[in-house]
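Colleague: The listed protein sequences correspond, in order, to chains P and V.
Those letters in the first sequence? Residues 1 to 315, per our numbering, in order.
Those letters in the second sequence? Residues 316 to 663, per our numbering, in order.
Calculated from the structure, these hints are not laboratory results.
Idealized CB from N, CA, C, for every residue including glycine.
Hints may be right or wrong, so weigh each one.
Unchecked claim - Derived DEER-like restraints, expressed as beta-carbon distance ranges:
1. V:ARG445 - P:LEU296: 36 to 46 Å
2. V:LYS327 - P:GLU173: 33 to 43 Å
3. P:SER117 - V:GLU637: 57 to 67 Å
Said to hold, decoys possible - Here chain V is said to cover these stretches of chain P; the calculated rule only asks that three of the stretch's residues, wherever they fall, bring their Cβ under 8 Å from a Cβ of chain V:
4. 196-209
5. 212-220
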Amino acid sequence: MTRREPADPPASAQPALLARGTLADRGELLGGLMLAPALAYVALLAGIPFLLAIALSFSDATAGSLRFGWAGLRNYAAILSDPVFRRALWNTIVVTVGSQALVIVLATAAAQVFRASFPGKRVARFVLLLPWAVPVSLAAIAWEWIFDSTFSVINWTLKAAGLLHGWLYWLGEPTLALLAVIIVQAWRIFPFATVIVLAGLTSIPREILEAATVDGAGFWRRLFQIELPLLLPVTSVAVLFGTVYTATDLGVVYVLTGGGPANSTHVLPTLAFQRGILGADLGQGAAIAVFLLPLLLVVAILMLRLARHTEVGVR
Amino acid sequence: MASVEIRNLRKKFGSVWAVDGVDLTIRDGEFLVLLGPSGCGKTTLLRSIAGLERPSAGEILIGGQRVDEDVPPRHRGIAMVFQSYALYPHRTVFENIAFPLRAAHAPRRNIEEKVRWAAGVFGISAYLDRYPRQLSGGERQRVALCRALVRDPKVLLLDEPLANLDAKLRNTARDELKRFQRQIGTTTVYVTHDQIEAMGLGDRVAIMDRGKVRQLGTPQRVYEDPDDTFVATFVGQPPMNLLRLCDGAGPPGTLLGFRPEHFLPRAVLRAAEDARSFRFHVRRVEYLGSDRYLYGTLPDQCDPSPTFIAKLPANIGTPVLEGEAYEFAVPVRALCYFDSTSGLRRRG
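Chain P extracted, bound-state conformation (with noise of 0.2 Å):
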């Protein structure tokens, strides 16, 4: 006879029924739930109307009637073959770079002196985000009269230091009127760009800068060679919504110098609310608008593989 097993517990000790999970404990359809409003702000507010843009930049559409008839590429055309807008997108393009090249000379400068501690720094990082909190219009009027013909600071300025012999005109001026739009757009990054580098250098292990010191590296050593290279994946995130910010940017040149003298400091943006709301052709205006679009795709691809690959495992 075989020995018998112990007979199994009885029946009615069976656990009672374990507690469901709730919403909380389903992962993915709780995210999908938290994303949903983020996803319908982009899909109505840029979505919609950058493929309403694309769809009017093809048609003849106006303002003022309900009128949308296929135009092929004939706006396209139209904007190349014109000066003005050729002017306009050499004008976005030397703004853009050159207001971008100023800020990161002056974020990295800034972001060195604000690491150092010194008596009154909190109130001197206030200030430094003002220009970024200002609304563009009402600091671009302060602007204006920054280079006032008559009031302009900065000539009376360099005259009292004895600089300047003649006057300038900023913002009469094609040249310095886009050297004015530039530098408004740098002062108007900068604080922006100067906090992200100041995050990337508070990053950088003091342990590394320490060893390049003792390592014999003076200051500028150390900048170039040490600090500016682990700093290049933040920089370009800098640099890049620095690019994306100005190169769409319709209010410094739309209040500084309303595309003028002449259409002369004309970017993309101003031109093509010129042409397309103001001027009520639709159609031209949304394709000069859309005409950005793959230049910037291009540059984001760009930053972002570079940020990419320049990014190291510090430890």
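On the provided structure of chain P, position chain V as indicated by the hints.
Modeller: Just chain V now, with coordinates in the frame of chain P:
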């Protein structure tokens, strides 16, 4: 190569004296270890020598020349290895090692040659094209050492360079480090809180506490002949036993110190050995393979509560049971006397 002289060095952080009056002479070619608990000022002292901290008072001389005031790190002839190694993550091993040479404007051909030679010495020639993130901890440590030594510093400063290695690797790394130092003969200052590293590496050990050097001497000297109770209890594992003597048993306010390995069953000592006996009530026996640690009290003393530790090596097989009392003894030559108020050693 050079000696380092530190005279009455003080450094204040806020209201705390991190280094509080240190006098220290590091001889030419010597391997000196700064040993102490965290916050004792050993790293601040090292960083002051490097020029990364500016002392509040006192003097530092490297090779007989004062460096504490205005000589920047790059002109002090020092090299430093950091705890994290601080390799430049965006540069290859070759570029890392070449960096100090480039900074010193060495001729290009020289750099190549020197880097390859140094990499050969440290056995990292195969990794010259790799980035630090592709190396193991031990390899990174060697790259850091190689980078430090490639331009022949007068003084090599090491800040806990083995702390980031796992225990197994640490033993071999310690051995290698000592070999490199002997081979190159550079004056070396080594900071650690690990007494095994300190004892194993140092020609001399400076034991620091609260900004002061409590004792400076060979590992043997600081272990066997401690100057005060801090050194006695900080060095040695388990630490030295300290017994407060009853009034009448010696001069008033006397602490009697003896190492756990000298606290043995009376029967183990030779009968003729001049020894001081205690009744030892064993509370717990800890078997550690090569040793047995016995934790217990001395019930016949005027304060029977403190715990004492006896360390019995495996070759002493005397059976010891928990909860029993035995006659234990310490050879008189192994006893140290300390003043209970100042903690200082009473000699003679």
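Colleague: So, against the hints stated earlier in the document, which numbers end up violated here?
Modeller: As far as the earlier hints go, only 2 is violated by this structure.
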